[in-house]
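One line per chain: the protein sequences are E and X, in this order.
Heads up: the first sequence at position 62 corresponds to 62 in our numbering, and the numbers run straight through without jumps.
Our numbering runs 1000 ahead of the 1-based position in the second sequence.
Think of the hints as simulated: they come from the structure by calculation, not from any bench.
Which stretches of chain E does chain X cover? Using the computed rule of at least three CB atoms under 8 Å from a CB of chain X, they are: (1) 40-52; (2) 183-193.
With a straight-line Cα cutoff of 25 Å, these simulated SDA-like cross-link-like pairs (lysine to any residue) come out: (3) X:K1262 x E:I49; (4) E:K194 x X:C1042; (5) X:K1081 x E:R50; (6) X:K1095 x E:A208.
To be clear about the criterion: a stretch of chain X counts as covered by chain E if any three or more of its residues have a C-beta under 8 Å from a C-beta of chain E, and this derived list gives those stretches: (7) 1029-1037; (8) 1068-1078.
Yeah, the Cβ is synthetic: ideal placement off N, Cα and C, and Gly gets one too.
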Amino acid sequence: MKGKAVLLIGATSSIGRALAHEMAQQGAALHLGARDGFEVERVAQDIGIRYQVPISWSTFEALDYETHPELLQKAVDNLGTLDGIVVSLGELGYQKTAQMDFNHAQRIIHSNYTGVLSILTHTANYLEQQGHGFIVGISSVAGDRGRQSNYTYGSAKGALSLFLQGLRNRLFKSGVHVMTVKPGFVDTKMTFGKPGMFLVASPKQVAAAIMKAMHSKKDIVYIPWFWFWIMLIIRIVPEWLFKRLKL
Amino acid sequence: MKLKHPSNLETPLSGWGRYPVVKSYLQRPEKVSSFRKILEECGKSPVIARGLGRSLGDAALNAKGYTVLTQRLNRILAFDKKTGILRCEAGVTMKEILATFVPRGWFPAVTPGTKFVTVGGAVAFDVHGKNHHRDGSFSHHLRSLELILASGETVQCSRQENEDIFWATVGGMGLTGIITEAEFALHSIQTAYIKSHHIKAKNLDEAFALFDEYEPQYQYSVAWIDCLASGKSLGRSILMFGNHAAREDIPLQQQPEPLHLKPKPNLKVPFDLPAGLLNRYTMSIFNTLYYGKMRSKEVKSVIDYDSFFYPLDFIQNWNRLYGKQGFVQYQWVLPTEVSREALYRMLQLCSQTGWGSFLAVLKRLGSQEGWLSFPMAGYTLALDMPIRKGLWEFLRKLDKLVIEYGGRVYLAKDARLSAEAFRSMYPNFPQWLSVKERVDPHNRFSSALSQRLGVER
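Please work from the sequences and hints to get the whole structure.
Set out below in structure tokens:
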């Protein structure tokens, strides 16, 4: 990571912020993007002071697609170069609301999928042309199988996982590595105080595991690792049985 | 990988002393700007902020409402390389400050005996360190504060701006509002080492004399005192003095990187020790060995700052040594002119009744800052005592003596002081209360401690 220039989208989310800290600590230069302009500036100041690395920031609105090329350009200008992008965007939303209100469902799809697709499309083309670099997309175990409790969010994350898979296939020959991250339960605003949480990992643990996976160029990584086995079981339950479960 | 189950469902919580245990609803904002929404979510229930939960008693507990965890509010916002002035959010810990700034030659102007405290906690208790007699408490180096009041309004306060809120907030136990940011000074150092000087004192008189003799030469001073020794040895102690070491003071092999320390392994207490293990006999043996371990009258050495300031931080969960019932720390301060006489009487009481302490720390303090700040010019003694039968009666006796001599008990450590005793010990309370009533008329900010001390009417 030393000397690498990275665009990090979703820098004010718990995982995004923890990743920014990990990368800066290892010497990466960062351009941060997040919806909350007030907050992203504070996160950037914090990291700049702690790790004394070059850092800059922009406001990033996932749904303002036409602003994304500008943001990419700004990141490249500020960093002088671009070695990779990490996208840690996510909005769980409310499944019950999404069922009643299409606008809410649409918002979940756009902020978890379409918005990511937009910024990644521009960045992928840039990196492909450059002939090297990396793309890390934070998806979710929720995208592995549809469940009644969060299938709107899950469908967006599932779409993102497929998109990243296709992108990995396309960019392989140009030397751009694409990694899909599927975190399980992470101790964030999304999970804090929610009933039914178990094996909850801290954002710092998750960030450290993502960094490790990046170094060893993993394609798809479950974090923490045991979610691979949990999801394997969840995926192989036959549908006639699965549809009867309360998940 | 250590995993836990976070929950804002009703959760039992305690301070570092593990007494009392109180159920509370938890909230944990991820950013300062979400505080207002969180306060709205709490409705009319009282709220108290909690940092790392290292206050010993019930100051960061709230049985009647919400406890708001500030651990994720830890952004460092500004640092001036020329003056050492740091501005950060209240959840930044002393550990983070040390890790970030010691390698650049800066050290906190005031640090308590653990680095597991947040800046918010340091302000709320106006903590002091081994240099209080010289450098004052945390608030002495504090330039300004940002606070969210009960009205939802964010205010800046300092010695010049909203100064009454400033003086009510330093040492104010988080009861004037939520502290969100603080700006304070670090001081420059040449190395990460301390030139330390340990001297044995065979009794209290000698300890006082040595404090008088050596304090002018040293920035830091503290004494470990054997409070079970009696008769001629009453108050026998080991005094520890220290100054920041200059580059030429430290061993040659460290001189190329004088500000860097090698990481040390941490120890863990894996389970609660049986409650009765720390009794007067085992402690008496420990104290005799500890005192006897230092063979010569004086030892001078160069040690790293971690070992000098934070010896207990190497043992995680050291609070488990006192068993499941927990312990209290009783720390009091007495005005200089009566210190010697009062300490004699109190130490006599300890050694006669056997209510000693593994860790008894004696230290000279300078004058008071905030209206509810603990320090006053005089001597302070801190005793750790496991909770068992008879303790509350014994501590009430000590309270009486403390009040008789015009001293006070430290609220950061307290879990049991009565409302009446509190009022006798803190004469500036009415002044503090007038600000509290103005900025928080409906007692939105309230803790188990403030409820116990009858702060709210």
